[in-house]
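Once you have looked at the hints, place chain Y on chain R.
Next come the chains, spelled out residue by residue.
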Amino acid sequence: MNFFRAFPPGFLLVAMPAMALAQVTVEGRVALPKTASAPVLNQRYEIVSKGGIVATNPPLAVVFLAGDFPKPATQPVTQLVQKELTFIPALLPVQIGTRVEFPNLDDQYHNIFSYSPAKRFDLGRYRPDERPIPSQTFDVAGLVTLRCDIHEHMRGVVLVLDTPHFVMTDATGNFRLTGLPPGRYLLRAWLDSKTTKEHAVELKDGATLRVDFP
Amino acid sequence: MRSNSRTAPRCASTSPDPVTLSPEPLPSRSTGFRTKLLVAMMLVVSAVTGLGLFIAERNLAAGVERNLEREFQAELAALNQAQAIRSASLEERCRALVRKPRIHASLEDDALDRLYPSAQDELRDIMARSNEHVGAGLHARFYRFLDRNGGVVEPPENARDAGALTSAETKSLALPRLSDQPQLGYLPPSDGGTLTEIITTPIFSTEHGEVIAALVLGFKPLVGETAGPGGTKRALWLAETTYSTPFGSSQATASAADVMRAVATPLRVFIHDVPHLLFSKHLNPASLYPSVYEVCVYPLTDLIDRQWTLRWQALGAGALVFFVGLVVSHFFSRRLSAPVEKLAVDSAENRAQRVRAEAALEHTHEELQRSARFSADASHQLKTPVTVLRAGLEELLARENLTSEECQQLSALVHQTYRLSSVIEDLLLLSRMDAGRLKLDFSAVDLSQLIEASLDDLSAVPDATELAVETDFPAALHISGEKRYTSLILQNLLENARKYNLPGGRVRVAARTEGQQVILAVANTGRPIPGAAQSHIFERFHRGGMGENVPGYGLGLNLARELARLHGGDLRLARSDETWTEFEVSFRLASV
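These protein sequence lines map, in sequence, to chains R and Y.
Under the working numbering, the residue at position 205 of the first sequence is numbered 205, and the numbers go up by one with no gaps.
Under the working numbering, the residue at position 248 of the second sequence is numbered 462, and the numbers go up by one with no gaps.
Everything labelled a hint here was simulated from the structure, so no lab data went into it.
Note that the structure is predicted; figures quoted are calculated from it, not measured.
Please note: incorrect hints may appear among the correct ones.
Stated by the list, open to error - Partial list, derived from the structure: chain R residues whose beta carbon lies under 8 Å from chain Y:
| # | residue |
| --- | --- |
| 1 | Phe113 |
| 2 | Tyr115 |
| 3 | Ser116 |
| 4 | Pro117 |
| 5 | Thr145 |
| 6 | Arg147 |
| 7 | Cys148 |
| 8 | Glu152 |
| 9 | Glu202 |
Said to hold, decoys possible - DEER-style ranges, computed between Cβ atoms:
| # | chain 1 | residue 1 | chain 2 | residue 2 | range |
| --- | --- | --- | --- | --- | --- |
| 10 | Y | Pro504 | R | Pro214 | 39 to 49 Å |
| 11 | R | Arg127 | Y | Asp339 | 16 to 26 Å |
| 12 | R | Arg127 | Y | Arg284 | 52 to 62 Å |
| 13 | Y | Thr380 | R | Lys197 | 48 to 58 Å |
| 14 | R | Arg120 | Y | Asp339 | 21 to 31 Å |
| 15 | Y | Thr515 | R | Glu152 | 48 to 58 Å |
| 16 | Y | Thr380 | R | Arg127 | 16 to 26 Å |
Positions of the beta carbon are idealized from the N, C-alpha and C atoms, including for glycine.
So here's chain R without its partners, still in its complex pose (with noise of 0.2 Å):
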């Protein structure tokens, strides 16, 4: 445990794979809201609001183990792009305190602000080749709206969980969390911001645990 502390999350999520023997391994399928529109190839998520409710299109889920884990030694620092007008990746789940570097990749102004509770900030406008890169640190938990004051249409979704333990599902809902400590805890699945199922999962050391979310 102590040994992932040190890592930042982010470097996590791309280590996990590796030493998911020596860790519990949880996997399993979110059942995804079905959705209209035709799979395509480098199909682009991009956040929409319906209803009030946020979510991904196409469907995409967060899985997190929910409990209490200790904060990481080092801040972690991840980065959400703008890019040909929209936010990359449109939905980024981090763990709270992780500082968010927004660079705008695209060749005109962008001014990043968000009116959520859980951040509120107002970026200003920026070039590319600002620098150093603007950037952001939750340091709540919950979901924050990204806006671009320019460009109306451009929505993106920060999900702060107080958790190092997440990953994303796959478009067909599959998931795989590894590098998990043994113990109880819920498993929640984060489908869109009115709606989040849970399970309570109890781990043991080197197993593989499979949980569906139906």
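Just chain Y, lined up with the frame of chain R:
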């Protein structure tokens, strides 16, 4: 014209002698006609002129009014267009404003506290600077947000730029519900200033597309109490709050009902006893805010002046037309009455002539009667002496001591008395016919029988035996007549045929039916009647240049013709040439 009344009594007096008819009444009668014609033409001219004036006046007045109205409408349309462009531009600006991400973020991301501060930044351009005069431009006087229920979201204490509003004004911004269409309304001023135009633009959620709030912007309206070109006055009229901007004193006479009615069609109202045209336009027909009308009044003094001018012009033209009409009708009545006058004179002359002719005729008739009476009397008076003479001569002839020479002379004298009495008989008959005293007693007469009898008589005459007689007539041919006289006709014709025949000549008697007529033809051979004599052969005592060797005294044909006419037919010479001389007599077929 006046001569008519002067000569009228003369016209009434008729001359006792129709032959010496006075020519004096003629001019009076024709003058009367001329006067009547003139009066009639004048009446027609007056009627036509009057009608023309009436129509012209109506059309001209209506035309002027229509023109004026069109002018006014055009003027109004131009202003309305300017207004429409302005309000379209304002609405577009408002729509752009409510799309601002910060405002959306404030409303959608539970950050109402950020609403007015965000709006302050976003609406900076549209808000009028506090230190500059708020013109009727595109700058707003205030802004407010309505929540999803239509209530006003009060700005925080420290919100600058949102614009000050009294609580009453704030209250009247609220809507019972939010609409998805921009709403146009007007705020009555709290301090007696001008109205404020408010545009409420719905804010649609980017999440679910529903109206979640609305932005209210207050502008100084373009329409004030401005006087447009042509003296048009415009003002706004807030129906439900009965607010009227100062408008002269028009609101005193232009009632609410007037304004409502003037929306459809222009209305005439009186302001300070001056007629005005009142137009009104509903500015916010589909709005949830109280209805506001733009009221325009147009003084009609100019129109009335123009109409009066036109009326006078029309009247002048009418008078001219009337005068010309009078002159023309006078001229025409003279021209037209000339032939009538001539006709009147001619007819008077004709009448005088006729009267004269009638008198002459009467005179002639009397003469004729007198002569007929005379010849009848004479015949009667002659008959007796001739009979006495013949009786005396026959008595002398009966004596035995006469020489043959004396006897021959006496015989000739007796023969002459027969001839004389025959002439007297014929003359008596003719005179009776001339006097119209001979009336036939019509009955069916068998003409065939009559012909046969007459031919028998003819054959008894000594020198007739040499004549060859041809006949061609059907049996039992009945005509209408009196046998005595029919027979006389036939005898006269046969007598002629015998007398004027060649020695050993021929006589032909034929009869045929033609429709309701029976034609009897009696022809003989002999010398033809010369053409010049043919027209005279029916005259009395005409003997057609025949030698004295032919017995007769020229009464036979005349008598036969008169009798034929009495029978309802006629006698004519059908032909007279080297072969035949033929007479044709027509009778009426007896209706058996």
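> Is the interface hint for Ser116(R) satisfied, with its Cβ closer than 8 Å to some Cβ of chain Y?
Replying inline: holds, 5 Å
> Between Thr515(Y) and Glu152(R), does the C-beta distance stay in 48 to 58 Å?
Replying inline: holds, 57 Å
> Should the hint that Phe113(R) touches chain Y count as held when the rule is a Cβ pair under 8 Å?
Replying inline: holds, 7 Å
>> Given the hint of 16 to 26 Å, is the C-beta distance from Thr380(Y) to Arg127(R) inside that range or not?
In response: The hint (16 to 26 Å, Cβ to Cβ) is violated, given that Thr380(Y) and Arg127(R) are roughly 46 Å apart.
> Can the hint on Glu202(R) be confirmed by a CB-to-CB distance to chain Y that is less than 8 Å?
Replying inline: violated, 37 Å
> Holds or violated: 21 to 31 Å for the Cβ distance of Arg120(R) and Asp339(Y)?
Replying inline: holds, 24 Å
>> Does Tyr115(R) hold up as a contact with chain Y if the rule is Cβ-Cβ below 8 Å?
In response: Tyr115(R) check passes; min Cβ-Cβ to chain Y is 4 Å, inside 8 Å.
> Is it true that the C-beta distance of Arg127(R) to Arg284(Y) lies inside 52 to 62 Å, as the hint says?
Replying inline: holds, 59 Å
> Per the hint of 48 to 58 Å, is the separation of the Cβ atoms of Thr380(Y) and Lys197(R) within bounds?
Replying inline: Given range 48 to 58 Å: holds, Cβ gap about 53 Å.
>> For the restraint on Arg147(R), tell me whether the closest CB of chain Y is nearer than 8 Å.
In response: Since chain Y brings a Cβ to about 5 Å from Arg147(R), closer than 8 Å, the hint holds.
>> Does Pro117(R) hold up as a contact with chain Y if the rule is Cβ-Cβ below 8 Å?
In response: Where the cut-off is 8 Å and the nearest Cβ of chain Y is about 6 Å from Pro117(R), the hint holds.
>> Quick check: does the Cβ-Cβ distance between Arg127(R) and Asp339(Y) fall within 16 to 26 Å?
In response: Since the Cβ atoms of Arg127(R) and Asp339(Y) sit about 23 Å apart, the hinted range of 16 to 26 Å holds.
Violated hints, listed in ascending order, are 9, 10 and 16; each of the other numbered hints is respected by the structure.
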